[in-house]
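Could you build all of it, start to finish, from the sequences and the hints given here?
There are 8 protein chains.
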Amino acid sequence: MNHELLLTILKDVASGSVSVDQAARGLANMAFEDIDYAHIDHHRTLRKGFPEVIFGQGKTAGQIIGIMERMIFQENVVLVTRIDSDMAAAVRKRFPEAEYHPEPRMLIRQVAPVKAMGRGTIVVVTAGTSDIPVAMEAALTARAMGHTVETIFDVGVAGIHRLLDHRTALEQATVLVVAAGMEGALPSVVAGLVGSPVIAVPTSVGYGVSLGGLTALFAMLNSCSSNVAVVNIDNGFGAGYMAAMINR
Amino acid sequence: MNHELLLTILKDVASGSVSVDQAARGLANMAFEDIDYAHIDHHRTLRKGFPEVIFGQGKTAGQIIGIMERMIFQENVVLVTRIDSDMAAAVRKRFPEAEYHPEPRMLIRQVAPVKAMGRGTIVVVTAGTSDIPVAMEAALTARAMGHTVETIFDVGVAGIHRLLDHRTALEQATVLVVAAGMEGALPSVVAGLVGSPVIAVPTSVGYGVSLGGLTALFAMLNSCSSNVAVVNIDNGFGAGYMAAMINR
Amino acid sequence: MNHELLLTILKDVASGSVSVDQAARGLANMAFEDIDYAHIDHHRTLRKGFPEVIFGQGKTAGQIIGIMERMIFQENVVLVTRIDSDMAAAVRKRFPEAEYHPEPRMLIRQVAPVKAMGRGTIVVVTAGTSDIPVAMEAALTARAMGHTVETIFDVGVAGIHRLLDHRTALEQATVLVVAAGMEGALPSVVAGLVGSPVIAVPTSVGYGVSLGGLTALFAMLNSCSSNVAVVNIDNGFGAGYMAAMINR
Amino acid sequence: MNHELLLTILKDVASGSVSVDQAARGLANMAFEDIDYAHIDHHRTLRKGFPEVIFGQGKTAGQIIGIMERMIFQENVVLVTRIDSDMAAAVRKRFPEAEYHPEPRMLIRQVAPVKAMGRGTIVVVTAGTSDIPVAMEAALTARAMGHTVETIFDVGVAGIHRLLDHRTALEQATVLVVAAGMEGALPSVVAGLVGSPVIAVPTSVGYGVSLGGLTALFAMLNSCSSNVAVVNIDNGFGAGYMAAMINR
Amino acid sequence: MNHELLLTILKDVASGSVSVDQAARGLANMAFEDIDYAHIDHHRTLRKGFPEVIFGQGKTAGQIIGIMERMIFQENVVLVTRIDSDMAAAVRKRFPEAEYHPEPRMLIRQVAPVKAMGRGTIVVVTAGTSDIPVAMEAALTARAMGHTVETIFDVGVAGIHRLLDHRTALEQATVLVVAAGMEGALPSVVAGLVGSPVIAVPTSVGYGVSLGGLTALFAMLNSCSSNVAVVNIDNGFGAGYMAAMINR
Amino acid sequence: MNHELLLTILKDVASGSVSVDQAARGLANMAFEDIDYAHIDHHRTLRKGFPEVIFGQGKTAGQIIGIMERMIFQENVVLVTRIDSDMAAAVRKRFPEAEYHPEPRMLIRQVAPVKAMGRGTIVVVTAGTSDIPVAMEAALTARAMGHTVETIFDVGVAGIHRLLDHRTALEQATVLVVAAGMEGALPSVVAGLVGSPVIAVPTSVGYGVSLGGLTALFAMLNSCSSNVAVVNIDNGFGAGYMAAMINR
Amino acid sequence: MNHELLLTILKDVASGSVSVDQAARGLANMAFEDIDYAHIDHHRTLRKGFPEVIFGQGKTAGQIIGIMERMIFQENVVLVTRIDSDMAAAVRKRFPEAEYHPEPRMLIRQVAPVKAMGRGTIVVVTAGTSDIPVAMEAALTARAMGHTVETIFDVGVAGIHRLLDHRTALEQATVLVVAAGMEGALPSVVAGLVGSPVIAVPTSVGYGVSLGGLTALFAMLNSCSSNVAVVNIDNGFGAGYMAAMINR
Amino acid sequence: MNHELLLTILKDVASGSVSVDQAARGLANMAFEDIDYAHIDHHRTLRKGFPEVIFGQGKTAGQIIGIMERMIFQENVVLVTRIDSDMAAAVRKRFPEAEYHPEPRMLIRQVAPVKAMGRGTIVVVTAGTSDIPVAMEAALTARAMGHTVETIFDVGVAGIHRLLDHRTALEQATVLVVAAGMEGALPSVVAGLVGSPVIAVPTSVGYGVSLGGLTALFAMLNSCSSNVAVVNIDNGFGAGYMAAMINR
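Protein chains in written order, with this note's numbering: chain A, 33 to 280; chain B, 33 to 280; chain C, 33 to 280; chain D, 33 to 280; chain E, 33 to 280; chain F, 33 to 280; chain G, 33 to 280; chain H, 33 to 280.
Just so you know, these hints were derived from the structure itself, not from any lab.
For glycine and all other residues, C-beta sits at the position ideal for the given N, C-alpha and C.
Any given hint could be a false lead.
[As the list claims (entries may be wrong)] Ranges of calculated distance between the beta carbons of each label pair, as one might list FRET restraints:
# : chain 1 : residue 1 : chain 2 : residue 2 : range
1 : F       : Tyr-132   : G       : Arg-124   : 54 to 64 Å
2 : A       : Pro-145   : F       : Gln-89    : 47 to 57 Å
3 : E       : Ile-97    : H       : Asp-118   : 24 to 34 Å
Next comes the structure, spelled out in structure tokens:
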């Protein structure tokens with residue numbers, strides 16, 4: 033979306049030379065802004081109910097700042113995922129109000145409180161302590177999108193009584209996000225206990241034939257419980273986003 | 033086990049016509065039934081809102097018949113997936129009222145009409161003609177669970193205008209199931225157009241480095257659109273089940 | 033070679049009725065027999081407490097018969113694994129007393145009852161109905177080696193209450209064999225419930241990214257429970273053999 | 033949770049000094065403790081005969097210390113595996129009595145001598161010098177669980193006479209742990225010599241198509257000797273744990 | 033070796049000022065030069081229309097300088113690919129006129145302007161911002177070979193309207209290079225829109241099951257559009273070279 | 033494209049009620065025809081210069097016939113790829129004028145001679161005799177698109193003099209298609225000899241670690257010659273199509 | 033092409049009875065013969081000491097006959113590998129004197145006795161009975177090339193004494209071929225016992241993670257014995273050929 | 033252990049100056065030496081004609097020194113492979129006479145000149161400059177074993193005339209070692225030119241789908257030339273060792 037064009041349209045509306053209806057159609061066509069190294073999709077909030085999220089990996093701090101500078105005019109919340117602490121520090125020099133979460137490596141710039149969007153509670157569960165960063169990425173994403181999130185950590189299947197103790201919370205969730213590495217068995221067990229959709233997130237926790245999370249991923253895709261769908265390894269963001277979509 | 037039977041037992045307990053001990057034993061027995069080669073999970077409808085589904089692959093016709101004989105006393109709908117036409121014929125000798133769908137290889141025995149359960153319409157989309165059997169498995173599953181399903185077939189990305197022509201139907205769906213083989217690109221494109229959750233189903237359609245569907249699977253898990261979650265290769269049943277759960 | 037024969041020879045040496053040289057040649061010949069296409073390891077019972085087992089796959093019926101003809105002079109039990117029904121029929125023309133088990137594809141020729149060898153009960157568990165043939169191979173092997181075996185079938189993690197209902201039997205086992213395909217989660221859950229060694233057997237049951245059992249295998253090797261060791265995919269024989277070794 | 037504490041509570045219930053309700057709540061709390069980032073499984077000693085072991089990888093020093101602080105009230109031995117020297121140093125500031133083993137990267141905190149638990153001797157064997165750290169992890173684990181362990185290092189199959197020279201020690205073992213990288217052939221050869229169960233541990237020693245230990249793992253799973261079961265790559269801890277379970 | 037030099041030699045032969053034998057030896061020496069660690073292929077410009085390109089990875093700075101010293105006598109343009117900034121700095125001490133491009137890690141030494149070679153415009157497209165370095169390698173290569181190149185960056189399929197907005201530029205290209213990581217869907221969509229050959233370049237951008245670019249590669253090879261051929265992961269150089277060959 | 037609409041437009045043009053220009057715009061918008069199991073892309077000839085090709089694998093004979101019935105009104109040539117002889121026979125009952133080529137499993141229906149389209153000659157080369165069916169698929173495709181094709185078969189690198197003997201033909205080609213299985217070395221060698229683009233087609237010829245063509249594919253993608261781009265395993269059609277695009 | 037024919041031509045040139053031009057054309061034609069679907073490499077005996085071998089897989093009976101018809105004028109021995117019994121029968125209608133070996137699927141046509149070529153004895157060893165067909169392919173190839181071959185079958189590492197019993201034969205071999213499936217350990221052990229080169233042949237014998245022979249292959253490539261080199265899975269022909277080359 | 037020492041002992045036995053028992057004990061001790069972290073195989077020179085080689089990777093400097101200290105009493109040449117420069121420096125403090133070769137990362141300690149052992153010349157060839165370190169490891173190994181070695185570097189198939197220029201040297205070799213990364217095509221081409229055995233060494237040179245050398249390895253195993261056998265990726269040592277064995 034070209035800023036000048038936007039201003040022109042808005043001035044025309046203000047002056048009455050263009051009707052509100054005409055302006056709305058015009059703006060819908062102004063779908064993105066080309067800043068050479070990125071085509072910013074200003075239309076996304078309109079289409080999806082949530083703005084484009086900046087995938088930090090492989091971008092320079094300058095590129096992230098440049099994209100944020102265009103987005104903040106229109107968006108209440110801007111999320112940057114997979115951004116290291118060094119790069120986050122560089123971006124926060126320009127946007128000191130943005131908050132950095134080192135474990136899930138997310139940067140969140142939020143101006144006003146987010147409007148509540150959910151039908152119920154999203155519950156985020158992990159098999160182990162080492163899966164927590166991925167779970168936090170999911171929880172932060174869903175909260176930034178206006179949803180209530182509860183967390184239950186380290187309830188893997190080696191001690192099934194730990195999980196069964198939280199049975200009520202699990203049953204009351206409208207959507208669940210379950211993160212697990214190693215053998216990735218937890219989503220199957222959780223999904224067997226509840227009647228809600230489960231988004232499974234394999235994590236790269238493990239060694240040897242955990243194969244960087246592939247084993248957990250494949251196990252989850254083979255779940256003998258049918259109310260399970262899966263996202264990419266360590267993709268807490270995607271799981272939180274999908275859970276929020278479902279909970280809307 | 034259905035909810036009404038459960039309520040009857042509980043009311044009997046409340047009224048004193050059945051002792052607590054008797055009811056407890058009754059409910060425990062209702063939870064599952066052990067017939068040597070299978071533990072039938074009668075509790076599943078209670079927990080999940082839909083009975084256990086029989087995975088036909090690797091079972092004998094005798095085993096499938098045996099399991100169905102126990103399920104039909106309590107369930108209105110019984111689904112058998114991945115059942116070849118020969119075995120389906122053998123099962124239909126015992127249950128001639130069951131309907132066999134050869135393309136998706138499903139057998140459905142349904143007594144009364146299913147109660148409508150959905151919040152909106154589930155749209156099932158395929159990239160090619162060869163993906164249709166998988167899509168039909170998804171559609172039949174969701175319909176058996178009480179949901180309205182529309183289908184749009186053969187709108188893959190090699191001719192993107194075919195897809196864009198159906199844009200209104202896509203945008204109005206509450207959940208989408210998108211099946212694609214080969215490069216598996218369609219779910220990303222569809223998810224980029226809509227603000228609803230997309231369940232992506234990779235299919236084994238293709239050759240060479242389609243790797244039996246692995247390429248489509250991995251592509252879908254790497255979707256640059258965030259409102260996508262994925263099920264196993266050719267798992268139309270799981271996709272339809274998950275879509276129904278979300279649409280409830 | 034059985035121990036009694038060995039003792040006889042050694043006593044003859046001690047008594048002087050057989051010279052050291054004669055005995056040495058005799059024992060060397062007993063160690064194995066070369067019949068061109070096979071070196072039959074007659075020494076194995078002595079070393080391991082159980083005779084060599086004939087791996088049927090890739091052998092002709094003539095070769096299997098030839099090997100059996102040499103083994104039966106010394107062994108009470110002869111096992112042939114992975115033998116199809118056609119080939120089993122051919123072998124049973126020569127050894128009609130051998131019993132064929134079509135599901136696990138095993139042929140067992142046993143002359144006298146096997147002596148009880150175990151310290152306790154081996155419990156064999158499966159996640160699904162389709163895993164039963166592999167479990168039966170394990171059970172038949174351990175029984176042929178003189179052990180008491182109990183079986184619990186179709187108690188996979190999608191309905192965890194089915195498994196928990198058998199908790200006492202699981203806890204009383206001295207060794208457990210757990211067979212599962214798909215996501216292979218059951219051994220982790222079982223091992224978390226008991227204080228005995230668990231031999232996990234991945235099965236090739238499943239489709240898509242079950243990858244012919246690789247996913248279940250890798251999941252089991254990544255078990256977050258530590259009392260689990262694993263054998264090859266569909267290797268019920270090896271699991272039963274190993275369980276018998278441990279139970280001795 | 034140890035058995036004595038459990039007995040005390042149960043005796044109090046029997047004597048009436050504690051009500052059933054109070055005891056139930058007490059036991060439930062004893063089963064695990066939720067400290068936000070971990071659910072500590074105090075029940076594990078009761079179920080398994082050995083407390084939960086802390087998997088150090090992916091945890092912060094603060095998390096490890098926090099978990100240890102809860103465990104030491106009830107447990108004589110606490111093991112931390114896969115903990116680097118830096119993190120071990122941080123943990124030892126809080127628990128200076130804990131002993132760090134840099135080669136296998138284990139931290140062991142033991143208060144009183146461990147009670148002898150074994151039926152015989154566990155023998156730990158390696159193919160090469162580079163496999164020793166994994167073997168030490170197995171040996172330390174089994175010793176911490178109360179077992180006698182002997183070690184034989186660098187007797188790989190390229191010089192089979194080195195192995196045959198130790199034949200007596202191998203034959204007298206009640207259980208064997210065999211660690212090997214590269215082609216992973218040693219467990220097959222050792223298992224062919226003995227009549228006891230062999231736990232095979234593939235190591236990541238090698239290069240090229242050793243594939244980080246996958247080749248050794250697959251070779252071991254394909255062992256033509258039947259008394260072999262396998263654990264994950266470099267999982268010396270699991271091998272030692274399993275051997276101890278079998279030797280009990 | 034350039035064509036002019038070849039013509040000179042041949043004219044000298046024709047005029048008799050150089051004997052056939054002398055010319056033959058001269059030409060043979062021109063074909064390549066053996067400098068111990070490299071056989072420099074001086075013949076390549078003659079055969080291919082562009083000189084040998086130095087693949088920097090795995091070479092020392094000294095080796096690169098040595099090869100360049102032989103090439104510059106005959107070649108107007110020398111390209112070094114996959115050369116890190118440290119090594120480029122070392123090479124530029126000897127050839128300060130060479131220009132280093134840090135993002136695509138290329139070093140280009142060009143003496144005179146390159147003669148225009150192309151039939152039309154090559155368009156280089158990327159799915160994301162992180163794919164730009166690979167795209168720049170393609171663009172710089174094609175320009176060094178005398179072709180006109182336009183670039184369109186960050187028009188991935190998650191917002192298909194960004195791509196469609198550039199439809200005219202895409203349709204007017206004689207050849208297209210399309211770089212994408214993650215699910216690698218963009219080349220299929222672009223190729224569906226145009227009637228020109230598309231060279232697809234998978235990039236290693238992504239995580240989890242992007243598998244370092246393998247997923248994008250396989251997706252592109254499975255493209256349902258037929259006017260697509262593929263080069264190695266991150267091989268921007270090869271894509272630019274191939275595009276230039278086609279555009280000649 | 034809806035047939036009735038098409039007829040209406042054409043009648044209107046015939047009657048003069050619609051101008052030719054208006055009709056042309058209208059027809060351009062009528063891009064595809066939805067026949068339930070397929071969206072036929074009538075626009076493709078306009079966009080790409082060649083009509084949609086029917087991928088036979090996974091379709092029924094009825095579906096293929098249905099699609100052909102819609103295409104033949106507009107297209108001079110219809111290609112069906114990957115169609116077995118049985119199915120081809122069924123289709124030829126409806127279209128007896130179509131020609132079936134059993135080795136490359138192609139069905140071609142061509143009404144009038146194809147107009148010559150090429151700038152020069154496409155040369156199709158194979159490494160072995162077993163690669164010929166794939167090469168024929170490429171040659172037939174390019175010829176159906178109006179190009180001159182020469183073939184050179186069985187000139188693999190084990191006898192390099194066989195290839196060098198055809199050097200002149202190779203050098204005079206404007207585009208080359210090179211098919212090879214096993215180690216896939218031929219495209220590198222050919223591309224080193226010529227200054228034209230080479231489309232490499234890996235074939236599934238071989239056994240063991242030919243891995244169904246993956247080895248040849250990966251070898252070709254790693255070609256040390258830069259004028260090589262690659263298509264999917266056994267994708268002779270794609271190679272011929274791409275070569276024709278380049279030769280136009 | 034045999035050496036004698038070559039000498040005749042050259043002598044004719046020397047004596048002047050044949051002109052240089054005539055001889056050149058003659059020799060060029062002798063180098064290979066182009067029969068459309070094959071370039072027969074008549075030069076190979078000259079270069080390699082053994083004629084081209086026909087790889088039967090993927091060829092038609094007609095093609096094999098056609099190639100044999102050209103070869104038999106110049107060659108004493110013609111080998112066809114990987115030819116099924118049906119196709120062999122078709123070929124033997126034309127060449128009834130050819131001998132078919134069904135287990136290794138080889139067809140050998142030999143006119144006169146082969147001249148002895150070897151320096152010593154080649155010993156071919158297998159781990160199991162099921163590996164014998166591959167070993168026979170190696171033995172027949174080496175014998176057809178004029179070498180003395182001994183075989184030792186079924187001496188795998190599960191009973192190492194069977195192997196050690198043949199130690200003298202192993203030590204006296206000048207070259208060894210060792211075929212093994214499953215864990216592929218035998219070549220390492222054999223190579224550790226001898227001071228001669230060992231050609232290891234992985235076989236596809238096994239199941240599960242034998243991965244069709246990949247595990248044995250990788251194990252052999254990782255051999256801790258250094259006098260081992262490896263050929264493709266089931267490539268008995270290549271192993272025999274290589275052994276013959278070394279033994280010459 | 034060298035042969036002379038062995039002969040001395042045996043002569044002493046023959047002359048009666050040493051008893052059979054004493055000699056037996058002496059020889060048994062000579063066979064290997066157990067120094068806790070290693071079993072040094074002193075017997076290897078006797079069995080193989082060359083002493084055990086120390087694989088440096090995964091060993092500490094102290095362990096390497098300890099092993100060398102035992103070996104140097106009996107061996108003229110000691111090789112250490114895969115030893116980094118830091119560790120080599122530490123070892124050279126103890127053995128300053130040892131020579132370190134940084135490119136192939138080998139340490140060689142040689143006291144007296146090595147006796148010539150070969151029948152002819154070993155030729156070591158590389159495809160590229162980056163493959164030279166691997167080739168040097170092969171050349172140094174073969175030379176240390178007493179063989180004459182020639183090297184030809186950077187003659188890959190992209191410029192086949194560079195290779196053909198060295199045809200005489202290739203044809204005169206008794207054995208060839210050919211190292212190549214990327215597509216690994218060179219061994220096939222070289223083997224097609226010569227009648228001697230070729231040991232192919234895949235290198236990890238390349239990127240993307242070179243897969244760390246797997247592609248080159250698989251290509252070499254699929255060589256359409258039969259006189260090729262293969263060693264592990266980057267295993268220059270093994271290739272040189274095997275070549276020396278063959279050349280003896």
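Checked hints:
The hinted range of 54 to 64 Å is not satisfied by Tyr-132(F) and Arg-124(G), whose Cβ atoms lie roughly 31 Å apart. With their beta carbons about 55 Å apart, Pro-145(A) and Gln-89(F) fall inside the hinted range of 47 to 57 Å. The hint said 24 to 34 Å for the Cβ distance between Ile-97(E) and Asp-118(H), and at roughly 27 Å that hint holds.
When each numbered hint is compared with the structure, a violation occurs for hint 1 only.
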